[in-house]
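There are 2 protein chains.
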Amino acid sequence: MLNFMLYNPVKVYFGAGEVKQLNKECAEYKRILLVYGGGSIKHNGVYDQVLAQLTGKEVFEFSGIEPNPEYETLLKAVKVVKEQNIDIILAVGGGSVIDGVKFIAAAACYHNDDYYEILQTRGAKITKAIPFGVVQTLPATGSEMNSGSVISRAELSSKSAFGSEHTFPVFAVLDPEYTYSLPKRQLINGVIDPFIHVTEQFLTTNLNTPIQDGFSITVLKTLISVADQLINKESKDYVLRSNWMWAATNALNGYIGVGINHDWATHNIGHSLTANYGLDHAQSLAIIAPRLWEHQLENKLDKLAMFATQVWGCDPNMDRRGLAYLAIEKTEKFFRSVGAKTRLSEYDIKVDPSQVANTVFAYPLGEHANITRDDAIRIITLSI
Amino acid sequence: MLNFMLYNPVKVYFGAGEVKQLNKECAEYKRILLVYGGGSIKHNGVYDQVLAQLTGKEVFEFSGIEPNPEYETLLKAVKVVKEQNIDIILAVGGGSVIDGVKFIAAAACYHNDDYYEILQTRGAKITKAIPFGVVQTLPATGSEMNSGSVISRAELSSKSAFGSEHTFPVFAVLDPEYTYSLPKRQLINGVIDPFIHVTEQFLTTNLNTPIQDGFSITVLKTLISVADQLINKESKDYVLRSNWMWAATNALNGYIGVGINHDWATHNIGHSLTANYGLDHAQSLAIIAPRLWEHQLENKLDKLAMFATQVWGCDPNMDRRGLAYLAIEKTEKFFRSVGAKTRLSEYDIKVDPSQVANTVFAYPLGEHANITRDDAIRIITLSI
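Protein sequence lines correspond, in order, to chains A and B.
Each residue of the first sequence is one higher than the one before, starting from 146 at the first, in this note's numbering.
Each residue of the second sequence is one higher than the one before, starting from 146 at the first, in this note's numbering.
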């Protein structure tokens, strides 16, 4: 096991009706900025339930955070926070809103006005942020219980990640009933995204870490076990939605990934696909991951074999290479069974692998830092 | 899944040499109280390594915290904290030292001088505590990464648990190499104690919670996988010690037990056995748990069967009752294989079940609140 530091101070309130905790959690604050996306929370009742907990407060609103939150939009919110002396921000939405609020909260306290520096330095210079809480409506990114964020900047075709120990939510309300109104596309993304969060950590070097491996396998098996009912039947079973929601949070709250190598190459290439062609984040992951695993098969052999036997139930007597290919095949089949496309050619876009590779944040990629720009072009080409 | 709140702000530094983090973590403090037990840290080098990180600080010491930390002893430490205006306490040791420091830290800030009220109210009235950090030398209790504590009071033959969101360690240093000098008795306790921490949470009502169940199963399997090498061979393999240490922490840091019912009846009866006859905490658990599971077999049928198939590899085609008995049999056999006794009569004590039952904290016990004083007497009698 590698040495590690683990720190996650987010207070999670999980379950139906837990929005009631907002009242207590916001007690010490007076000027609240409610940040949300396209307005779906006004149709599904979440907006009203949140406001009902904030009586007596000065509540300001900033709506219109896009999927893949856009730098230029967030700058406008930073201005509101500063002008209105906001003392807490509430992110009501999914990963894009939460990621956006992390940037807004940090930028509003930044030591200069060059907020793009936050992204260029991956958050290293953040020393403070406005406190913020989360009311989650879409399980997927794990952003509700971590300090990471990914921000897009359209004019540069870039998508950049940052994080800081100052950008953890103070609290997060996770109510599985809030997921009942999600459209199928979001349900698919909500299974694929956490699935790949796990594999970016689990499918790396085998360092004999049974706690981390077992936790990862548990999250993967849980996602697989709920996916058909959740996506194909759009089941509103509360237990099913709860297990999905809690699996998605555990995929990226830090616990499964301590003391091991991390990959994140699929995410890096995927971010660039999204920035260039507008694919949903999870759509890009479902396409890149299987081809990247094939490309890195020898490096990931142990864990791909473990993936095959312990997640997909394959015969442990098979040879490891056979198991590795079988794991990839079964995963791709699983993705397709829940409506996720696994080839770029299935979308109405014309992909230029060199262009995608050029806007990847930085090379080399992967847990072995061995994926070059040429490798990325090869992986993208294989993904067409 | 039941509604839950999860909050764990402990900053964990894990790995060889991580004692170096003390310097940074104590930077803002000036007057430090080092609290430890019988002095083994002076023989194994930990004491010197800790002090080396605290140069330039005013360091005070309080040693002699007993196994099962004693109320009267802790009062003396509270006096030191107040008289010397201590601004951070460092607990260097195992669960007893850490539990003791939690009490000291809370009592030193308590609103009145009736510190026993902290135990009588289970910590409900704690509003503040002196900040404290941990350097762990004995993996077992999980106290290094939670807010709970168990304190003994000899004159009342009592052992009482308390906890508060103010009694989380600020940080905890977990260095697997610090466990190399532990005697075999502590190695045994260090496997049994976390094992039962898991079963107190996992072997309860089946609420269809695959994340929690999978995490619990992972911790149990990891403990089983390391036990023979660790205890019978006293292996000093770093990877083995790391997996043991991290398993023990995860057994009781809150994550595996969210949204499910908890039992803790084995602990309650075990505490009373320790208070009356001086058995080690883990020794009491290894004796009570198997008999309590038999007594509660019908209520725990689902989970005992899951325990049998997923931890012990039993044939899932067997009937659930047969599986449940098999799980208990295999667990008891495992305990004995690593030197843990499972009958009271194996110790040189004469047990009075009524006396033990009388000093249990409060009835009814168990996740169904169905274990009465008479049931406890029955379980203790069966354990002889």
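Fair warning: there could be bad hints in the mix.
Any copy will do: because identical chains look the same in the list, a pair fits if it lies in one copy or spans two.
What the hints assert, rightly or not - Taking lysine-lysine pairs in the DSS-like style, the calculated list, with each CA pair at most 30 Å apart, reads:
(1) Lys221 - Lys202
(2) Lys227 - Lys475
(3) Lys329 - Lys273
(4) Lys165 - Lys270
(5) Lys273 - Lys169
(6) Lys175 - Lys270
(7) Lys475 - Lys366
(8) Lys475 - Lys221
(9) Lys187 - Lys475
(10) Lys169 - Lys156
(11) Lys378 - Lys156
(12) Lys187 - Lys366
(13) Lys156 - Lys366
(14) Lys329 - Lys202
(15) Lys165 - Lys486
(16) Lys475 - Lys169
(17) Lys187 - Lys329
(18) Lys478 - Lys227
(19) Lys270 - Lys156
(20) Lys478 - Lys381
(21) Lys273 - Lys156
(22) Lys273 - Lys202
(23) Lys224 - Lys381
(24) Lys478 - Lys224
For the record, the hints were derived by calculation from the structure and aren't laboratory data.
Intra- versus inter-subunit Cα pairing at 30 Å for Lys175 with Lys270: both (28 Å within a copy, 27 Å between copies)
Homo-oligomer pair classification [Lys381, Lys478; C-alpha up to 30 Å]: Answer is within; shortest intra-copy Cα gap is 24 Å, inter-copy 44 Å.
Within, between, both or neither, where Lys329 and Lys273 count as close if Cα-Cα is 30 Å or less: neither (38 Å within a copy, 47 Å between copies)
Quick one: Lys329 to Lys202, C-alpha cut-off 30 Å, is that within a copy, between copies, both, or neither? So Lys329 and Lys202 fail the 30 Å test inside a copy (36 Å) and across (59 Å) alike.
When no copy is named, should Lys156 and Lys366 be tagged within, between, both, or neither for a Cα gap of at most 30 Å? both (26 Å within a copy, 29 Å between copies)
Within, between, both or neither: how does the pair Lys165, Lys486 come out at a Cα-Cα threshold of 30 Å? neither (39 Å within a copy, 48 Å between copies)
Within a copy, between copies, both or neither: which one fits Lys478 and Lys227 at a CA-CA cutoff of 30 Å? neither (49 Å within a copy, 65 Å between copies)
Given identical chains, is Lys478 near Lys224, meaning Cα to Cα at most 30 Å, within a copy, between copies, both, or neither? For Lys478 and Lys224, the Cα distance exceeds 30 Å both inside one copy (47 Å) and across copies (66 Å).
Within, between, both or neither: how does the pair Lys378, Lys156 come out at a Cα-Cα threshold of 30 Å? neither (32 Å within a copy, 42 Å between copies)
Is it within a copy, between copies, both, or neither that the alpha carbon of Lys224 lies no farther than 30 Å from that of Lys381? Classified as neither: same-chain Cα gap 39 Å, cross-chain 57 Å, threshold 30 Å.
Please sort Lys270 with Lys156 into within, between, both or neither, judging by C-alpha distance up to 30 Å. both (25 Å within a copy, 20 Å between copies)
Can you give me the call for Lys165 and Lys270, within, between, both or neither, at a CA distance of at most 30 Å? between (35 Å within a copy, 23 Å between copies)
Hint violations for this structure: numbers 2, 3, 8, 9, 11, 12, 14, 15, 16, 18, 23 and 24, all remaining hints satisfied.
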